[in-house]
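Novice: Each chain, letter by letter, is given below.
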Amino acid sequence: MKHKILVVEDDIDVLEARRVVLEHNKYEVVTATTIEVAEQVLEEEKIDLILLDVMMEKDSDGFNFAQSVKHSEKYKHIPIIMATAVSQRTKFKFDIDKDGDFLPVEKFMEKPIDPDDLIAAIRGLLK
Amino acid sequence: MNKTKSTKDDERVLAKMAHDIKAPLSAIVSILGVIQKGYVNDIDKVKELVSRASQKAVTLISMVDDILDYTLLANKSMMRREKIHLFDVFLDSISTMKPYADRRNITFAYSQELCKEKYVNGNYTFLLRAINNIIMNAIKYNKENGNITIDCQENTKKNTITITIKDTGIGVPEEDLDKIFHVFERGKYARKNIDGSLGLGLSLVKQIVEDHYGDINLTSTVGVGTAVALTLPLLKEKTKNKEG
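Quick mapping for you: the protein sequence lines, in order, are chains A and B.
Residues 100 to 226 in the working numbering are what the first sequence lists, from first letter to last.
Residues 1354 to 1597 in the working numbering are what the second sequence lists, from first letter to last.
Quick caveat, the hints were computed from the structure, so don't treat them as lab data.
Note that the Cβ used here is the ideal one computed from N, Cα and C, for glycine as well.
There could be a bad hint or two in this list.
[As the list claims (entries may be wrong)] From the derived model, a few chain B residues whose C-beta atoms are all more than 12 Å from chain A:
{"hint": "1", "residue": "SER1383"}
{"hint": "2", "residue": "GLU1401"}
{"hint": "3", "residue": "ILE1414"}
{"hint": "4", "residue": "SER1415"}
{"hint": "5", "residue": "VAL1417"}
{"hint": "6", "residue": "LEU1421"}
{"hint": "7", "residue": "MET1450"}
{"hint": "8", "residue": "TYR1472"}
{"hint": "9", "residue": "LYS1496"}
{"hint": "10", "residue": "ASN1498"}
{"hint": "11", "residue": "CYS1505"}
{"hint": "12", "residue": "THR1521"}
{"hint": "13", "residue": "LYS1559"}
{"hint": "14", "residue": "LYS1589"}
[Said to hold, decoys possible] Simulated pairs of lysine-lysine, DSSO-like, Cα-Cα distance not exceeding 30 Å:
{"hint": "15", "chain 1": "A", "residue 1": "LYS145", "chain 2": "B", "residue 2": "LYS1451"}
{"hint": "16", "chain 1": "A", "residue 1": "LYS206", "chain 2": "B", "residue 2": "LYS1390"}
{"hint": "17", "chain 1": "B", "residue 1": "LYS1390", "chain 2": "A", "residue 2": "LYS103"}
{"hint": "18", "chain 1": "B", "residue 1": "LYS1398", "chain 2": "A", "residue 2": "LYS125"}
{"hint": "19", "chain 1": "B", "residue 1": "LYS1493", "chain 2": "B", "residue 2": "LYS1375"}
{"hint": "20", "chain 1": "B", "residue 1": "LYS1493", "chain 2": "B", "residue 2": "LYS1398"}
{"hint": "21", "chain 1": "A", "residue 1": "LYS103", "chain 2": "B", "residue 2": "LYS1451"}
{"hint": "22", "chain 1": "A", "residue 1": "LYS206", "chain 2": "B", "residue 2": "LYS1369"}
{"hint": "23", "chain 1": "B", "residue 1": "LYS1451", "chain 2": "B", "residue 2": "LYS1493"}
{"hint": "24", "chain 1": "B", "residue 1": "LYS1559", "chain 2": "B", "residue 2": "LYS1493"}
{"hint": "25", "chain 1": "A", "residue 1": "LYS125", "chain 2": "B", "residue 2": "LYS1589"}
{"hint": "26", "chain 1": "B", "residue 1": "LYS1375", "chain 2": "A", "residue 2": "LYS206"}
{"hint": "27", "chain 1": "A", "residue 1": "LYS175", "chain 2": "A", "residue 2": "LYS101"}
{"hint": "28", "chain 1": "A", "residue 1": "LYS125", "chain 2": "B", "residue 2": "LYS1400"}
{"hint": "29", "chain 1": "A", "residue 1": "LYS101", "chain 2": "B", "residue 2": "LYS1390"}
{"hint": "30", "chain 1": "A", "residue 1": "LYS173", "chain 2": "A", "residue 2": "LYS226"}
{"hint": "31", "chain 1": "A", "residue 1": "LYS169", "chain 2": "A", "residue 2": "LYS206"}
{"hint": "32", "chain 1": "A", "residue 1": "LYS145", "chain 2": "A", "residue 2": "LYS169"}
[To be verified] From the structure, some residues in chain A lie toward chain B, with a derived Cβ separation under 7 Å:
{"hint": "33", "residue": "ASP110"}
{"hint": "34", "residue": "ASP112"}
{"hint": "35", "residue": "VAL113"}
{"hint": "36", "residue": "ALA116"}
{"hint": "37", "residue": "VAL119"}
{"hint": "38", "residue": "VAL120"}
{"hint": "39", "residue": "HIS123"}
{"hint": "40", "residue": "LYS210"}
Start from the sequences, fold in the hints, and give me the full structure.
Specialist: And the structure:
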């Protein structure tokens, strides 16, 4: 059975680029351009992995969504890859070993994400 | 050493600019990367993705144009002034903006005599830019099938002309009216960056109008529309063709 990936991204062009790459690799893709839609998708569908853009309309939207997923008994098992453009803006480099407690996502990736790297990361998390 | 307010403001503007420019650039790299790495073979899909990347590049050019204009305006000595027929500025602006309005089925209403034989001492490119920016906002934040009304009223006592551009759009909440002319500010209902612009539009307009010794006034009702009124001093007959 195909793994189902929820892509949360507010730029519809980037969303389409992600969809092409994921579908090429035989993943089923569900998309959300807002956090509200993402929350609705989580309730209605069985999601295997979330690819989350952290810089939504408000900077904190993506972080808050990741926190709520990881604090939910129902969803905390779903791995999250967080796509960030934050480090260049804030000079804050995420480190999964140091920041994992603060924000327990499985992987951070700096935008723009190389499609090969993205697929490798997803395969690693969905083994 | 404490940073001055203007240094902090400059840093904030630069950081915002860098972030806003990075977003479409990052999208272009993501989209082209998909094609470059061979994730799509269907030629129609390739064309669609290239078209998406191309649109992002157009957005970037528009952002850079805004920055260039803003920089140019900072140096007022570079602004060459001449006798400008406001009628020509409006015809030029409306013909430029009409295709954008047509896409949203928005119609213009104005008199054929709009600002005819009304002259100001100014810079054609910048005045056109100001009018274009106001009309573009009236298109972007209008409702589908909405209207844009343009009107010119002369005040013979003061020898000024007031140009009012009124839309039937989403409006600006009262608490945002003061902020809307600041760099990078958008109204609450316009906060979603629908066109990828930098939010320099109205701050540029204000600066252009002030550099033409004029005033700008914005009145708005949420859900009803916004009216932007520009008042400019008319060119006095005896000072026609004056260079400033």
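Novice: Hint by hint, work out which the structure violates, then give me just those numbers in ascending order.
Specialist: 1, 2, 15, 21 and 25
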